[in-house]
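Enquirer: Residue numbers (the working numbering), protein chains in the order written: chain G, 1 to 274; chain P, 1 to 274.
Just so you know, the hints here were simulated from the structure itself, not pulled from any lab data. The structure displayed is predicted, hence computed values, not measured ones. Among the hints, a few may not be true.
[Said to hold, decoys possible] Residues from chain G shown here face chain P by an in silico Cβ test under 7 angstroms; the list is partial:
id	residue
1	R138
2	G144
3	I255
4	I256
5	F259
6	R263
7	G266
We treat Cβ as the ideally placed atom computed from N, Cα and C, and that holds for glycine.
Here is what each chain is made of, one letter per residue.
There are 2 protein chains.
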Amino acid sequence: MPIEKISSLQNPRVKQLVKLRDRRPRDEAGVFLVEGYREIRRALEKNVLLTELYFSPEWFLGENEPALIEQARTAGAQVCELAKETFAKVAYRERPDGLLAVAPQWKRALADLALPAVPFVLVVEAIEKPGNLGTILRSADAAGCDAVIVCDPVTDIFNPNVVRASTGVLFSVPLVVEESARVLAWLREKKIRTVATTPAAEQVYSEVDLRGALAVVMGSEQYGLSEFWLKNADLPVRIPMAGQADSLNVAMATIITLFEAVRQRGPNGTRSGT
Amino acid sequence: MPIEKISSLQNPRVKQLVKLRDRRPRDEAGVFLVEGYREIRRALEKNVLLTELYFSPEWFLGENEPALIEQARTAGAQVCELAKETFAKVAYRERPDGLLAVAPQWKRALADLALPAVPFVLVVEAIEKPGNLGTILRSADAAGCDAVIVCDPVTDIFNPNVVRASTGVLFSVPLVVEESARVLAWLREKKIRTVATTPAAEQVYSEVDLRGALAVVMGSEQYGLSEFWLKNADLPVRIPMAGQADSLNVAMATIITLFEAVRQRGPNGTRSGT
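With these hints in hand, go ahead and build the complete structure from the sequences.
Expert: Shown next as structure tokens:
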């Protein structure tokens, strides 16, 4: 089957791809953009159905792109070539690599999460910057979190900058968006202890027991933890800082706390608390 | 003294400010750009001499800008107002806050570093992305590192994105740029043990002793540690990862390692190794 080639900037599909950078058209179409070799590869590895794949060979950076395109096509993606300038228009990145896909959005509920006997969960509240959310997803993946729960989101998890900053980890970490009150009720029902990081806490994060069923709760960039979580978290902890008061942003505080939990929980990640 | 106001985009000072985004003109003039309220405030806190300060009230985000401008003027900065569109041209950021300063570059040598009895140093090799270098500086500040040594730099430490990503911490962390061989010789002379993070190591970073005189050595984004440091570091360590092989970037690996050292070294940061 010959592959369609689009060069007109006025083509309706080109216009639609540009629109998908914004949330409303994304939600209306129920899809989102996945740009870049690494991100698309990870989507395919996780059997995410890519409905459309656009490519433009003049932008390719390596030699593996044709194989990836073929893999996506075999998996059911509608494949379409774009002229160089046309691709530049639909690309979200400053330095595109000639690959852009469209994937369906999904909605996962708390009840859908398959947790192990001793769960290790990250809860983030109202994160504002897509780049921070993406970085936090990478951290959770590296730390082996069983799920990431985004409460009362300000940032759309399908924002192209989340996909990019997560380097495609968005496809591998189980991710749920839910209201804080429901998340708390669910955590209590599951008997998962909540540890919340806040500068106002007395105890230092590395001096408390982070083993057992655990949820690390992190606040937003600008406001930190909400009253709700400050009041309801089982254990408030702080990260001692030597320098400027705001040296650590939320993504940095998250990775420090997660990896201290990993250290305490040991190699198999499920060592039970005492 | 009335404050000069520039509105012409053709004004030579406006053109020079735009040029200072690039390294060569920066090095020729021996200065660099400091944009933003927080960054300028930190420079003033550290008694950095700002030679020029440009402001444009229509971009201000808060109410403290006039006081900051007055503080800079009193400290010797030549203050100049820019018309709104003129400021937009010289601003480096997408969302400028109406404040842009010029500061002289400095050059600090290893011999200039005033180290405590039990030093805690970060060595980074050939970091490529200014944003990563800035984030690493923030981490080193938060962890209380006594110095950051940048070996064989690819990124200019005076790149505007380093200043921005460091949120001005560039002014508070003692920073030295030097060749790797000289850094190693200096560390050995000072009897500072080197711990180098590499995926190839057998020992896990949190299971080795990170107390005592310590230098944490981190490689570049793309290539990791060079042969030189892999061969010469006292102790190679790795960070265990649960997820994708490349989940952690160099800035994330740095903060994990630094904060494990902080944890082991204890509250006053100088507890001696055993």
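Enquirer: Now look at each hint and say whether the structure bears it out.
Expert: To see whether the hints hold, each was checked on the structure:
Because the beta carbon of R138 of chain G sits about 5 angstroms from the nearest beta carbon in chain P, less than 7 angstroms, this interface hint is met. A hinted interface residue such as G144 of chain G counts as satisfied when its beta carbon comes closer than 7 angstroms to some beta carbon of chain P; here the least separation is about 3 angstroms, so the hint holds. Because the closest C-beta pair between I255 of chain G and chain P is about 6 angstroms apart, less than 7 angstroms, the hint holds. Because the smallest distance between the Cβ of I256 of chain G and any Cβ of chain P comes to about 5 angstroms, under 7 angstroms, the interface hint for this residue holds.
Checking F259 of chain G against chain P: minimum C-beta separation of about 5 angstroms stays under 7 angstroms; hint holds. Interface restraint check for R263 of chain G: the shortest CB-CB distance to chain P comes to about 5 angstroms, inside 7 angstroms, so the restraint holds. A distance limit of 7 angstroms between C-beta atoms decides the matter here; for G266 of chain G the minimum to chain P is near 10 angstroms, and the interface restraint is violated.
Hint compliance for this structure: hint 7 is the single one not met.
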